[in-house]
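Enquirer: What follows is the residue order along each chain.
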Amino acid sequence: MLNTNKTQDEKLLNALQELAFEKEENEKLAVALRLANNELAFQKEEKGKRAAELGIANIELAFQDEEKGKRAAELGIANIELAYQDNEKGKRAEELIIANKELVFQDEEKGKRAEELIIANDELVFQDEEKGKRAVELIIANIELVFQNDEKEKRAAELAIANRELAFQNDEKGKREAELAIANRELAFQNDEKGKRASELAIANKELAFQNNEKEKRADELTIANKELAFQNDEKEKRTAELGVANEELMFQNDEKEKRASELDIANKELAFQNEEKEKRAAELAIANKELAFQNDEKEKRANELDIANKELVFQNDEKEKRAAELDIANKELAFQNDEKEKRAAELTIANKELAFQNEEKEKRAAELDIANKELAFQNDEKEKRANELDIANKELVFQNDEKEKRAAELVIANKELVFQNIEKEKRASELINANYARSLIESSMDPLVTINAEGKITDVNEASIKVTGVERQKLIGTNFSNYFTSPEKAQKGYLQAFEKGFVADYGLTIKHENGKLTDVLYNATVYKDDMGKVLGVFAAARDVTEQKWAKDLRIANKELAFQNDEKEKRAAELDIANQELVFQNDEKEKRAAELDIANKELAFQNEEKEKRAAELIIANKELLAFTYISSHDLQEPLRKIQTFATIILESETLTENGKNNFQRMQLAASRMQQLIDDLLAFSRISTTELIFEKVDLNIIIEEVKADLKDTILEKKAYIEAFGTCPVNIIAFQFRQLMYNLISNALKFSKPDVPCHIQISSRILKGNKLNIDSLSPEKNYCHITVKDNGIGFEPHFNERIFEVFQKLHGKEVYAGTGIGLAIVKKIIENHNGLITATSELNNGAQFDIYIPA
Amino acid sequence: MTKPLNILLADDDKDDRLFFKMALDALSTPTELETVVDGEKLMVYLAENPKNLPDVLFLDLNMPRKNGFECLTEIRQDKTLKNLPVIIFSTSYEQEVVNQLFINGAKYFMRKPAEFSQLKIIIEKTVSLILEKDVAKSSRENFVLTLQNSLFIK
Chain A
1 MLNTNKTQDE KLLNALQELA FEKEENEKLA VALRLANNEL AFQKEEKGKR
51 AAELGIANIE LAFQDEEKGK RAAELGIANI ELAYQDNEKG KRAEELIIAN
101 KELVFQDEEK GKRAEELIIA NDELVFQDEE KGKRAVELII ANIELVFQND
151 EKEKRAAELA IANRELAFQN DEKGKREAEL AIANRELAFQ NDEKGKRASE
201 LAIANKELAF QNNEKEKRAD ELTIANKELA FQNDEKEKRT AELGVANEEL
251 MFQNDEKEKR ASELDIANKE LAFQNEEKEK RAAELAIANK ELAFQNDEKE
301 KRANELDIAN KELVFQNDEK EKRAAELDIA NKELAFQNDE KEKRAAELTI
351 ANKELAFQNE EKEKRAAELD IANKELAFQN DEKEKRANEL DIANKELVFQ
401 NDEKEKRAAE LVIANKELVF QNIEKEKRAS ELINANYARS LIESSMDPLV
451 TINAEGKITD VNEASIKVTG VERQKLIGTN FSNYFTSPEK AQKGYLQAFE
501 KGFVADYGLT IKHENGKLTD VLYNATVYKD DMGKVLGVFA AARDVTEQKW
551 AKDLRIANKE LAFQNDEKEK RAAELDIANQ ELVFQNDEKE KRAAELDIAN
601 KELAFQNEEK EKRAAELIIA NKELLAFTYI SSHDLQEPLR KIQTFATIIL
651 ESETLTENGK NNFQRMQLAA SRMQQLIDDL LAFSRISTTE LIFEKVDLNI
701 IIEEVKADLK DTILEKKAYI EAFGTCPVNI IAFQFRQLMY NLISNALKFS
751 KPDVPCHIQI SSRILKGNKL NIDSLSPEKN YCHITVKDNG IGFEPHFNER
801 IFEVFQKLHG KEVYAGTGIG LAIVKKIIEN HNGLITATSE LNNGAQFDIY
851 IPA
Chain B
1 MTKPLNILLA DDDKDDRLFF KMALDALSTP TELETVVDGE KLMVYLAENP
51 KNLPDVLFLD LNMPRKNGFE CLTEIRQDKT LKNLPVIIFS TSYEQEVVNQ
101 LFINGAKYFM RKPAEFSQLK IIIEKTVSLI LEKDVAKSSR ENFVLTLQNS
151 LFIK
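Taken in order, these protein sequences are the chains called A and B.
Position one of the first sequence corresponds to residue 1 (my numbering), numbered consecutively onward.
Position one of the second sequence corresponds to residue 1 (my numbering), numbered consecutively onward.
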């Protein structure tokens with residue numbers, strides 16, 4: 001019967017309320033009864049007064065009767081009628097007496113009634129008092145119930161809040177979890193970034209190392225250039241020395257000529273002396289030999305002739321002296337020129353020292369860069385260590401996160417369980433509140449409660465009814481209510497009264513237990529109705545006047561609540577611990593984050609240092625560029641002037657063949673130096689200019705180069721063949737230079753008797769098809785071949801030819817600076833490619849280029 | 001008798017001025033040469049002789065106080081000098097520099113040749129271009145005067 005539907009319970013509740021209402025009604029009624037009683041008392045008094053008045057009236061009547069008797073007696077004689085009247089009046093008096101008696105009786109009856117009413121009143125007053133007490137009790141019980149309800153609602157609200165709190169904490173945990181996951185990802189990302197940065201730095205380092213290498217190479221190259229310059233200086237000094245020797249020779253020749261002149265002078269003087277001797281002889285002979293006079297004449301003629309010859313010789317001597325003077329002047333000029341050359345040489349020596357100084361600076365720079373590199377490498381190592389540490393820390397964090405996630409997941413599950421339990425409790429509570437609230441009230445009531453239908457059959461009972469009767473619920477229901485009382489009649493009367501009046505209050509009955517135990521109770525009953533107001537039955541509550549059980553039940557309920565509170569506190573404590581753990585983990589994470597922050601700052605600092613370093617390198621680079629500009633302009637200018645002056649002298653001055661030859665050689669040397677500077681500049685530009693790759697058709701480049709070399713091609717009767725050429729991803733101006741160098745080399749080193757034939761081809765192949773170790777097997781390469789039928793070279797020079805200043809032929813045989821193929825190699829390196837040379841002497845040469853397609 | 005061609009040369013290098021003068025003297029065309037030795041003096045000269053501007057200016061790039069670049073820019077900004085053809089006369093040849101000079105409004109660029117005979121040829125060629133008023137036809141393709149193209153055109 002616990003399952004009795006809600007409506008029933010509600011109806012019972014309604015009945016309870018009805019009872020309360022009726023109580024009030026009873027109270028009102030009691031008041032009304034008191035008023036009625038007072039009225040009755042008043043009426044009684046009035047009746048008393050009336051009775052007294054009637055008594056007096058009676059006495060008066062008796063007196064009148066007596067007076068009438070006297071009158072009758074007085075009139076008896078005269079008036080029989082009056083006698084009749086008297087009889088009548090006597091009858092009337094008797095009737096009045098009877099009526100009086102009746103009135104007296106009625107008065108008596110009224111007095112009894114009044115007494116009864118007083119008693120009833122007292123009873124009512126008592127009942128009212130009792131009802132008041134009961135009402136107070138019920139009010140207290142109600143307040144208690146309301147309080148309990150409030151408490152339960154508060155409890156429920158607290159539970160709901162606790163629930164929400166838990167849900168919120170769960171949410172927070174979820175968020176925290178998500179935040180941690182994000183933070184983790186962020187850390188992972190930062191690690192990645194750091195890794196990337198580290199790898200970028202590693203690349204930058206490599207780049208720096210590469211640039212350092214390049215710079216060292218550059219320094220080496222410059223050293224070589226220096227050496228070359230030094231060598232040329234030496235050559236010039238030698239040349240100067242040679243000129244000095246030539247000068248000395250000329251001086252010597254002049255001396256010789258002067259000696260010769262003086263010899264001639266002596267010879268002349270001798271001749272003059274001989275002439276004199278001859279004249280003397282002639283004079284001596286003149287006398288003796290006239291015949292000889294003719295001979296003398298002849299001799300005189302001869303002498304004249306000799307004189308003429310002598311004069312001629314003198315003239316010739318003069319000429320020679322003039323010549324000597326001229327030579328002297330020329331000598332001085334040469335000496336002046338030598339001085340100039342020495343000054344020039346000194347200038348060049350200074351330039352050399354400057355270059356050497358710059359080289360030293362560069363070497364220092366290179367050494368600094370090397371140290372910086374090592375430092376960077378060390379920093380990279382440190383960073384890698386740091387990155388590794390961070391990686392480990394990350395893993396740890398990831399592990400901790402995992403743990404936390406597990407913990408969070410456990411907490412989530414625990415939470416869910418709690419939520420579920422809470423929900424269950426809430427459900428339970430709401431059921432208790434909503435569904436079983438009344439029922440539980442009824443069931444938990446220590447008062448035996450029962451509902452009775454119109455036939456007096458029990459329709460529902462509570463636990464207390466079962467206890468008090470010792471009869472099972474099922475057996476109770478459907479049986480007569482009155483069966484379970486010592487006085488079934490009174491019981492029946494009670495419920496009938498309830499049906500009739502709508503209520504009974506504190507109706508005393510004794511419940512009979514199966515085992516014979518009797519329980520004295522006071523019944524309070526009220527009818528309960530359906531929604532339409534139809535009476536469904538009576539709800540009767542018995543108050544066991546012997547025992548107050550519900551206090552005990554309340555204690556039990558209290559204990560239960562206390563137990564639940566304990567459980568909740570434990571749970572709360574667990575959550576508190578879990579929370580503290582989370583707080584601790586958060587602290588740890590913050591510490592970790594702070595550490596990472598420091599690490600980050602360190603990295604940022606290192607980055608700044610690197611940027612400073614990079615800025616320094618940029619400055620160093622600018623210095624190099626400035627040097628390039630100086631080389632391009634300031635070195636070229638004096639050289640050009642040497643050349644121009646040389647050409648002006650050659651054009652305008654009368655020079656000996658030897659002088660002309662020397663001048664031409666000087667010009668050649670100067671133009672070689674110019675070529676060298678141009679080539680060095682080209683070489684440095686290849687290394688320093690920005691590399692912009694673009695897709696270019698190789699054919700266009702070949703055609704441009706052919707146009708540039710048109711004259712040479714015609715001269716060499718060369719035939720340049722390009723086939724299978726494809727668009728390639730290249731630095732256009734560099735590749736043009738490369739093609740120019742290769743084709744002009746092929747033209748230069750062609751066989752003099754065979755028309756030059758150059759074949760250029762290209763194709764795209766995968767690295768693994770090319771059988772070259774240094775190429776990536778999976779990458780596509782453009783393989784370009786430049787092949788000629790020229791003089792070629794010995795196979796063992798196939799690498800040396802790419803080195804700067806390396807020449808296989810004297811410059812008198814084949815002009816060149818030995819930089820062309822070094823430029824080619826550098827360009828290919830700029831393209832991340834590879835170049836090889838294959839040749840045999842007198843059997844042509846083939847250059848194979850591989851660049852990423 | 002035609003009026004001699006007025007040529008202004010801005011070059012700080014004494015030798016180069018001498019070469020230039022010698023090359024001009026060797027020409028059959030009558031010319032008159034004025035020289036200034038730096039960029040500042042060039043700009044002063046141009047400002048002081050608005051009525052008697054040269055027919056052509058040969059401008060060296062590397063000069064003290066004010067270089068040829070600055071002079072070229074100032075000249076091209078001066079409306080009174082808009083008809084003055086500027087021919088850059090420089091020792092070095094750098095592609096980027098040459099491109100910039102063309103953009104900045106120079107008529108021609110010539111690299112000072114090493115051989116005097118070449119200098120004569122190239123100056124003769126330039127003078128003839130000025131005389132023939134061909135300077136207006138200056139384009140990026142023929143901007144750089146070389147011995148080859150000057151010979152070829154001749």
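One should not assume that every hint holds.
Restraint ranges, calculated between C-beta atoms of paired labels, are given here [said to hold, decoys possible]:
hint: 1; chain 1: A; residue 1: F315; chain 2: B; residue 2: E32; range: 46 to 56 Å
hint: 2; chain 1: B; residue 1: S139; chain 2: A; residue 2: K622; range: 30 to 40 Å
hint: 3; chain 1: B; residue 1: E34; chain 2: A; residue 2: K622; range: 47 to 57 Å
hint: 4; chain 1: A; residue 1: N699; chain 2: B; residue 2: P30; range: 45 to 55 Å
hint: 5; chain 1: B; residue 1: P30; chain 2: A; residue 2: L808; range: 32 to 42 Å
hint: 6; chain 1: A; residue 1: R665; chain 2: B; residue 2: E34; range: 33 to 43 Å
I should point out that these hints are in silico values taken from the structure, not numbers from a laboratory.
Heads up, the beta-carbon is just placed ideally off N, CA and C, and yes, glycines get one too.
Enquirer: Mind listing which of the numbered hints don't hold for this structure, in increasing order?
Expert: 3, 5
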